[in-house]
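A.B. asks: Using the sequences and the accompanying hints, generate a full structural model.
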Amino acid sequence: MLINIPTKNTLKDCNVTDESVYLERRSLLKKMGFLGASAVMSSAITSTAQAGFFSDDDKEKVKFQTKALNFSKDSTNEHLLRTPENKVISHNNFYEFGAQKDQPLALSQGFDVAPWQLKISGECDNPITLDYDNLTNMFPLEERIYRLRCVEAWSMVIPWIGFSLADLLKKVAPNSRAKYVAFETLYDPKQMPGQADRRLGGGLIFPYVEALRIDEAMNALTLMSVGLYGKTLPPQNGAPIRLVVPWKYGFKSIKSIVGIKLLEHKPPTTWNKLAPKEYGFYANVNPNHDHPRWSQASERSITTGGLFSRNRVATLPFNGYGEEVADLYKGMDLSRNF
Amino acid sequence: MKNDTKVFLLKVLIHLGALIPLVNLYFLAFNDKLGADPVESVIHFTGIGAFNLLLITLSVTPIAQLTKQGYLLNVRRLLGLYAYTYALFHLVNFLSFEIQFDGALFISEVWKRPYITIGMAAFFLLTALSITSINKLKRKMGKSWQQLHNVSYIIILLVAIHFYWSVKSELTSPLFYFAMAIMLLLFRYKKIKRLFLSTFN
Numbered sequence: 001m002l003i004n005i006p007t008k009n010t011l012k013d014c015n016v017t018d019e020s021v022y023l024e025r026r027s028l029l030k031k032m033g034f035l036g037a038s039a040v041m042s043s044a045i046t047s048t049a050q051a052g053f054f055s056d057d058d059k060e061k062v063k064f065q066t067k068a069l070n071f072s073k074d075s076t077n078e079h080l081l082r083t084p085e086n087k088v089i090s091h092n093n094f095y096e097f098g099a100q101k102d103q104p105l106a107l108s109q110g111f112d113v114a115p116w117q118l119k120i121s122g123e124c125d126n127p128i129t130l131d132y133d134n135l136t137n138m139f140p141l142e143e144r145i146y147r148l149r150c151v152e153a154w155s156m157v158i159p160w161i162g163f164s165l166a167d168l169l170k171k172v173a174p175n176s177r178a179k180y181v182a183f184e185t186l187y188d189p190k191q192m193p194g195q196a197d198r199r200l201g202g203g204l205i206f207p208y209v210e211a212l213r214i215d216e217a218m219n220a221l222t223l224m225s226v227g228l229y230g231k232t233l234p235p236q237n238g239a240p241i242r243l244v245v246p247w248k249y250g251f252k253s254i255k256s257i258v259g260i261k262l263l264e265h266k267p268p269t270t271w272n273k274l275a276p277k278e279y280g281f282y283a284n285v286n287p288n289h290d291h292p293r294w295s296q297a298s299e300r301s302i303t304t305g306g307l308f309s310r311n312r313v314a315t316l317p318f319n320g321y322g323e324e325v326a327d328l329y330k331g332m333d334l335s336r337n338f
Numbered sequence: 001m002k003n004d005t006k007v008f009l010l011k012v013l014i015h016l017g018a019l020i021p022l023v024n025l026y027f028l029a030f031n032d033k034l035g036a037d038p039v040e041s042v043i044h045f046t047g048i049g050a051f052n053l054l055l056i057t058l059s060v061t062p063i064a065q066l067t068k069q070g071y072l073l074n075v076r077r078l079l080g081l082y083a084y085t086y087a088l089f090h091l092v093n094f095l096s097f098e099i100q101f102d103g104a105l106f107i108s109e110v111w112k113r114p115y116i117t118i119g120m121a122a123f124f125l126l127t128a129l130s131i132t133s134i135n136k137l138k139r140k141m142g143k144s145w146q147q148l149h150n151v152s153y154i155i156i157l158l159v160a161i162h163f164y165w166s167v168k169s170e171l172t173s174p175l176f177y178f179a180m181a182i183m184l185l186l187f188r189y190k191k192i193k194r195l196f197l198s199t200f201n
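Protein chains in written order, with my numbering: chain A, 1 to 338; chain B, 1 to 201.
Hints are computed from structural coordinates only; laboratory data are not their basis.
Quantities reported herein were computed from a predicted structural model and do not represent experimental measurements.
Be aware that a few hints might be false.
Partial pick of chain A residues on the chain B-facing surface, computed with a CB cut under 8 Å [what the hints assert, rightly or not]:
1. Lys87
2. His91
3. Leu204
4. Trp294
5. Arg300
6. Ile302
7. Gly306
8. Arg310
9. Arg312
10. Ala326
11. Lys330
12. Gly331
Computed beta-carbon distance windows for the label pairs [said to hold, decoys possible]:
13. A/His289 / B/Val110: 13 to 23 Å
14. B/Leu88 / A/Ser72: 50 to 60 Å
15. B/Tyr71 / A/Leu274: 46 to 56 Å
16. A/Pro276 / B/Lys136: 48 to 58 Å
Beta carbons: idealized from backbone N, C-alpha and C, even for Gly.
C.D. replies: Written as structure tokens, this is what we have:
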């Protein structure tokens, strides 16, 4: 048996500075007024240099670490011109981290994805809970290069990595009462500043909830995505797992999912609750049904190039995936069920 | 310091304060350094810039009255013209980068979307005020000049509604701007009441 006799200088566990205190040491110093005194003594040049080397926001500087994934390539859609990765991960609607497009990247890098729990329950025979490792090792991963059409009339082309939602649902064996599939985003105001501050969060009601009809959820195109551009998802794109429904407006593709529930009745969905005349339950991409405040007939496709890229293209019904999904809506009036 | 010197220095500041952000904005946008979607960025920046400048223009008179610094009124026109410049860039951005010169789409958007209709109305009224700010015209117009320029009170309300209707869900900023506009109009309560009564009696 090893007996550890502490000397006077040995550090004990309780002496270790807590990480949060360590990361905030500069603001603590500032609050105590030390920095004020040193600023008076140092010249303008040295204080600029200090700002460069020891900036206040050490925590912001630490970028979220993504990991490489093993997956099979999407060879059928390789011809599509992809939106550059730096645009995909810097232009995000994820109000949990701020309602401005650049805020999710700026405010999410400290997001903790492990441990993670995704609970699948409700009207099914085998409810299960997946942990963080299950998300990437339970199913073989495949790349899917999809167009993503935002309800705000811009679009991107993104190489997602993930598995079919249908495969996951088959595992839990939905029963005959399961007519709808409801999804819920993590609710954690400590990690998601938009949930703590109504202004930052754009006035949405959290947690964010979305839903699909069971046949939409079982469609082969519906993807549970765990990565993009070959790596795990960064937080601003919905780490560690999100939905991707390419024939619907982007807000249906809910991010950072913690719960999936099979239901008999249609559940409420976030944007539909906020403005039912503007955002329907179906939210299928439809150039013939305008948003009350802007046209949906065309879109700006964000690829390379800046201000002068002539990127306005016609919007296609079901975002161009009509062949795969139009049958789901046979006989439905799509301008009423928008 | 003589009042003339003060006005001169203030004008220099206004020129710099209005032009530097604009040059910087387009420098970044042309080099694709303005985020993933520079189109949205330039439209929002020039739009909110125009609104800010309109509010500043309308606050000159109350500030001059409260502080008894009459010379301040000499910078009103310059501020108003910069508000118009930003509004013009806002419209040109929308037309050239968002709509990309699709004439039919532009007309249908202006016609069908109330917030764009209102924005265009505000822009046309602002155009009228800018053209008539030329000294020669101002002299020729006599009393009717002031009558025309009272329209600025309507413009600020149109712009506030335009902003409020354009956002998806975040209402705090539009409501804050609305409150600022109302506050500036309340400073002119007596004048507006008189104008209102003389128009409808």
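A.B. asks: Work down the list of hints and note, for each, if the structure agrees.
C.D. replies: Structure-based check of each hint:
{"no.": "1", "hint": "Lys87", "result": "holds (4 Å)"}
{"no.": "2", "hint": "His91", "result": "holds (3 Å)"}
{"no.": "3", "hint": "Leu204", "result": "holds (6 Å)"}
{"no.": "4", "hint": "Trp294", "result": "holds (6 Å)"}
{"no.": "5", "hint": "Arg300", "result": "holds (6 Å)"}
{"no.": "6", "hint": "Ile302", "result": "holds (6 Å)"}
{"no.": "7", "hint": "Gly306", "result": "holds (3 Å)"}
{"no.": "8", "hint": "Arg310", "result": "holds (6 Å)"}
{"no.": "9", "hint": "Arg312", "result": "holds (4 Å)"}
{"no.": "10", "hint": "Ala326", "result": "violated (26 Å)"}
{"no.": "11", "hint": "Lys330", "result": "violated (30 Å)"}
{"no.": "12", "hint": "Gly331", "result": "violated (29 Å)"}
{"no.": "13", "hint": "A/His289 / B/Val110: 13 to 23 Å", "result": "holds (20 Å)"}
{"no.": "14", "hint": "B/Leu88 / A/Ser72: 50 to 60 Å", "result": "holds (53 Å)"}
{"no.": "15", "hint": "B/Tyr71 / A/Leu274: 46 to 56 Å", "result": "holds (49 Å)"}
{"no.": "16", "hint": "A/Pro276 / B/Lys136: 48 to 58 Å", "result": "holds (55 Å)"}
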